[in-house]
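**Student:** Protein chains in written order, with the working numbering: chain D, 1 to 306; chain Y, 1 to 527.
Source of the hints: derived by calculation from the structure; they are not laboratory data. Please note that a few of the clues may not be correct.
Quick list of the computed label-pair ranges, beta carbon to beta carbon [what the hints assert, rightly or not]:
#	chain 1	residue 1	chain 2	residue 2	range
1	Y	Ser225	D	Ala178	24 to 34 Å
2	Y	Lys18	D	Leu291	26 to 36 Å
3	D	Gly180	Y	Arg464	21 to 31 Å
4	D	Ile151	Y	Lys18	24 to 34 Å
5	Y	Ser225	D	Arg161	40 to 50 Å
6	D	Thr296	Y	Asp461	53 to 63 Å
Residues from chain D that face chain Y, not an exhaustive set, calculated with beta carbons under 8 Å [to be verified]:
#	residue
7	Glu119
8	Ser120
9	Ile123
10	Asn172
11	Gly180
Owing to the predicted nature of the structure, the values given are computational and were not obtained by experimental measurement. Glycine included, every Cβ here is placed at the ideal spot set by N, Cα and C.
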Amino acid sequence: MTMFEAILLTVATAATPLLIAALGELVVERSGVLNLGVEGMMIMGAVCGFAAAQQTGSAWIGMFAGILAGAASSLLFGFLTLTLVTNQVATGLALTLLGLGASAMIGETFVGLPGVKMESLYIPFLTDLPYVGKFLFGQDPIFYISILLTIGVTWFLFKTRAGLTLRAVGDNHTSAHALGVPVVRIRYLAVLFGGACAGLAGAQLSLVYVPQWVENMTAGRGWIALALVVFASWRPWRIFAGAYLFGAVSIGQLHAQALGIGIPSQFMSSLPYLATIIVLVLISRNKRLTLMNTPTSLGKPFVPDR
Amino acid sequence: MKEKRINGSETPLLEADKLTKIFGTLKACDEIDLKIGTGEIHSLLGENGAGKSTLVKMLFGALQPTSGHIKWKGEAVTVTSPAMGRSLGIGMVFQHFSLFDALTAAENIALSLDEKTPLDTIAVRAREIGEAYGLPVDPEALVGDLSVGERQRIEIIRCLLQNPDLIILDEPTSVLTPQEADLLFVTLERLRSEGKSILYISHRLEEVRRLCDRATVLRHGKVVSQCDPRAETAASLARMMVGSDIHVIERHPDEGAGLQQSLLVEVNGLSQNPRGPFSVSLHDVHLSVRGGEILGIAGVAGNGQGELFEAISGEVLQERPGTIRIRGNDAGRIGISARRKLGAAFVPEERLGHGAVPDMSLTNNLLLSRHSTDRKVFLSGGALKLVAESGLASAAKRVVAKMDVRKSAENPDASALSGGNLQKFLIGRELDRNPSVMIVNQPTWGVDAGAAAHIRQALVDLARSGSAVIVISQDLDELFEISDRIAAMVHGRLSESVPIKEMSRERVGLMMGGAEHAAPQASAGVA
Chain D
1 MTMFEAILLT VATAATPLLI AALGELVVER SGVLNLGVEG MMIMGAVCGF AAAQQTGSAW
61 IGMFAGILAG AASSLLFGFL TLTLVTNQVA TGLALTLLGL GASAMIGETF VGLPGVKMES
121 LYIPFLTDLP YVGKFLFGQD PIFYISILLT IGVTWFLFKT RAGLTLRAVG DNHTSAHALG
181 VPVVRIRYLA VLFGGACAGL AGAQLSLVYV PQWVENMTAG RGWIALALVV FASWRPWRIF
241 AGAYLFGAVS IGQLHAQALG IGIPSQFMSS LPYLATIIVL VLISRNKRLT LMNTPTSLGK
301 PFVPDR
Chain Y
1 MKEKRINGSE TPLLEADKLT KIFGTLKACD EIDLKIGTGE IHSLLGENGA GKSTLVKMLF
61 GALQPTSGHI KWKGEAVTVT SPAMGRSLGI GMVFQHFSLF DALTAAENIA LSLDEKTPLD
121 TIAVRAREIG EAYGLPVDPE ALVGDLSVGE RQRIEIIRCL LQNPDLIILD EPTSVLTPQE
181 ADLLFVTLER LRSEGKSILY ISHRLEEVRR LCDRATVLRH GKVVSQCDPR AETAASLARM
241 MVGSDIHVIE RHPDEGAGLQ QSLLVEVNGL SQNPRGPFSV SLHDVHLSVR GGEILGIAGV
301 AGNGQGELFE AISGEVLQER PGTIRIRGND AGRIGISARR KLGAAFVPEE RLGHGAVPDM
361 SLTNNLLLSR HSTDRKVFLS GGALKLVAES GLASAAKRVV AKMDVRKSAE NPDASALSGG
421 NLQKFLIGRE LDRNPSVMIV NQPTWGVDAG AAAHIRQALV DLARSGSAVI VISQDLDELF
481 EISDRIAAMV HGRLSESVPI KEMSRERVGL MMGGAEHAAP QASAGVA
């Protein structure tokens, strides 16, 4: 395996959790709900995924456990914000705090235990192709899921009727309600999808990225995912670009530090954040398009009046 | 002849029998009987608060009647939801459109059709229906970019695609130019000839007389008359609606014309880029108003009137100080309070949230707009700026008495007042200062006829006392009633103003469509 291949693979592994979590949050926000609990749902996915895999010995069971844990956390958020109509910002922040605390408790007995790493794909001949073989045909299943998700979410949002309804709910929930669209039900489904994605992203961290459990191992990736959604103007392919850019710069700066370039390491570590934000701000500088894509009823509580 | 068709052997399409709706202690609709025949344009007349929208909501399924029955094609029905109304064949075109700004026209239409219709065929069908009924629309256009007239077309096409037997139109022409309204009437007459029935809600009496076969007039929730509007005059219809004769504005057409008073407000070459996705740019706007004069600015909503208002009021500052001049002072770079101190007063279009804070009392709202101009009266304690409640209370009382504001409590919240009464208060709040420059955006929008007459008279009186008044309005009748000169706004450009004596409705209609004194591209809207 060449150096080039190795870098490509690590970039993809670093970008995948951000991509998946951000796509989930994109769908949630397109429906008009702001769930700031991505970090909390992610860490729940990470710990439950690790625990399930460690107990059963199967990384696949771990992955599904992670998805379920994320979805269950989001269901709590949905019940609070959609049924009880609590403040979405406060509830999302609380969900993050809850997730961080609960995961530390659940994971206490798993600290330091060896994890189960998800097997990478191997197709004879194809995977052995020079330069791109490993990248295209030799990665872990969650990488392929993330690519399918990007295509799927784009198709769903812009080509299907259900996606149209979801965007309509996010644009103007009062009008949508007047047309007989079940606003609350659609938002529940979107929130659940977002939670499942965050859980999957978390499971990727503890099953692929670093197959072990470390407290607070998401390390702010949930917040990056949230920022990606906004800076990508709520569009899936821009999220893809942003996630890979972030992955590339964070891996690149590690290599640069290893080469001993005389730049303070603190600056280098902050580079991925800086680069991603600058690039996404540049591509989203068309103010009109951005406002056009911003879900107008984002974060606004909906109470149907009869 | 029409009588026969309705009361004869043929069953009416829709029959309401003693429909009543009670909200708390208020009888919004009181035993209303209504019959709409097949192929009939039926007008529903009444002032604000007469119960028109409550009645329509019950027919459409958005509200449930407290008592009474609805018969549809001769059979008793309970319309439990708008979706059920639609499936029966009742379509509704709302006054405040229920469209999604961020979606395209076709997507907006798709949302109200059943799930089986594939998305790609909707654009084609919408185009076909639009062409067939003279309602051209571009299915790919984003609704947020469209004019109000075009949005209305989408609402109507959306309604027609469901193939309804009864179409309810709520104040459809209130947002259209006279020419656009004429196009709408052609469409409606064509629908009638195809046997569809239309329930037409309007307070424009000439329109109703021209278009409608029958009229039901409501007042205070009760039916006061069912008549053939063609056999009535506009004045007799108005009398039925209001219950008394409407106050006629006292002014002479020559007034204000020959005055040689000084220029009190000037706008010189105001150009401005759009400030948001749905905002309009202004192009080289010039205007000047002398003391004693009322300048009326006509135009279809969304052509830059709101932006012009914000530029003159100081909500948006200009680059050059001389772009806006108030009483001879350059005011382009100073804020709202400083402009008020120069003697200007402003009443914006939106009453709740812009003109007044809904959850604050009337006296607090009074203080908010006048804390700097009337500091000595309303604030005490020197630098502490304590609120002088007594001064505020007496000023509020003065405004309430002068403008005949009707309210339920001594000092209610702004949101507790009806639209007309709040508007009277907001205009009175500014008039109380005797401003030398007054600019009002849509002074009587959604205000009932009695209150509207009161507001117009107050504006005329202010001008006669020597002030310069600018009235931005979509209501041409209003502008013709009170203006000395009329100009029209289209696509962010302001036409030359024309003295009222040389003005006609046709001419102002052409100006509003951009045919006169405007860029060539603008004329497409009329043709």
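**Student:** Work down the list of hints and note, for each, if the structure agrees.
**Tutor:** Quick rundown of the hints versus the structure:
Taking 24 to 34 Å as the suggested C-beta distance range, the pair Ser225 of chain Y and Ala178 of chain D conforms, at roughly 32 Å. Our hint of 26 to 36 Å for Lys18 of chain Y and Leu291 of chain D is violated, since their Cβ atoms are close to 49 Å apart. The supplied range of 21 to 31 Å is broken by Gly180 of chain D and Arg464 of chain Y, whose beta-carbon atoms lie about 53 Å from each other. Between Ile151 of chain D and Lys18 of chain Y the CB atoms are about 59 Å apart, so this pair departs from the stated range of 24 to 34 Å.
A C-beta distance of roughly 47 Å is found between Ser225 of chain Y and Arg161 of chain D, which places it inside the suggested range of 40 to 50 Å. Range check, Thr296 of chain D to Asp461 of chain Y: Cβ separation about 42 Å, and the 53 to 63 Å hint is violated. Using the Cβ-Cβ criterion of 8 Å, the hint placing Glu119 of chain D at the interface with chain Y is not satisfied: the shortest such distance is roughly 40 Å. Interface hint at Ser120 of chain D: violated, since its Cβ lies 39 Å from the closest Cβ of chain Y, which is beyond the 8 Å cut-off.
With a least beta-carbon distance of about 37 Å to chain Y, the hint placing Ile123 of chain D at the interface is violated under the 8 Å criterion. Given hint, Asn172 of chain D at the interface with chain Y, holds; its Cβ is 5 Å from that chain's nearest Cβ, closer than 8 Å. Restraint check, Gly180 of chain D versus chain Y: the minimum CB separation of about 4 Å is within 8 Å; hint holds.
Violated hints for the displayed structure, listed by number in ascending order: 2, 3, 4, 6, 7, 8 and 9.
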